[in-house]
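Trainee: Sequence:
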Amino acid sequence: MPLPPAEMASVEGIVALGGELSTERLIEAYRKGIFPWFNANDPIIWWSPNPRMVLFPERLHISKNMQKHLRKKPFDVTYNQCFEQVIKQCASVKRRGQDDTWILPQMISAYIALHHLGHAHSVEVWQQNKLVGGLYGVTLNQVFCGESMFSLKSNASQYGFITFIKDHPNIKLIDCQVYTEYLASMGAEEIPRSTFLNLLEKYS
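In terms of our numbering, the sequence shown is residues 18 to 221.
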């Protein structure tokens, strides 16, 4: 059974409960502007929040401190070299205000499978040949749907994110899903879900 349209989401942004995390279902979901996000012992919850947090690459804000950091080039950045390591690090890194991770083993397996099909991608940030940061997400043509990032060194994930944007000028829209102050500080903004879905159709 296909997922309902994103427009049918509840006020909270829930589109559906249950189902499976197959590659087919994940691809269908992202193409419809829907993503999975749930905790252990919960059913799979499929979301399409309104408003939607997005970043238009041309509106990326780089702080003066980060600009200095970029000029110094303290890190090396690669793409799709160790997807599994990146997603597992995203799952294991402790985050302020979060007791548990939503990147559960079944999510890790599902996105690794999606990576093997060429839909999920990773950004790796290295320092002295050690993985110190990164992020991963799903690409739909000119849309990058960011999922999670991690840093073991200060500014590592932000360095990787900015470098990814600079290295991929074909990306027209970055889906950040929900509001965070961190993303807003980098230029991300909330737009109506209807606008997001129109942009998704245009660029994917």
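Take the hints with a grain of salt, since some may be wrong.
[As the list claims (entries may be wrong)] Straight-line Cα separation of at most 27 Å, BS3-like style, residue types lysine-lysine; simulated pairs: (1) 81 x 219; (2) 183 x 170; (3) 90 x 189; (4) 183 x 147; (5) 85 x 147; (6) 90 x 49; (7) 147 x 89; (8) 49 x 81; (9) 105 x 81; (10) 170 x 219; (11) 90 x 170; (12) 49 x 170; (13) 49 x 189; (14) 147 x 170.
Honestly, the hints are just simulated from the structure, not real lab data.
Trainee: Flag every earlier hint the structure violates by its number, smallest first.
Mentor: 1, 6, 8, 9, 10, 12
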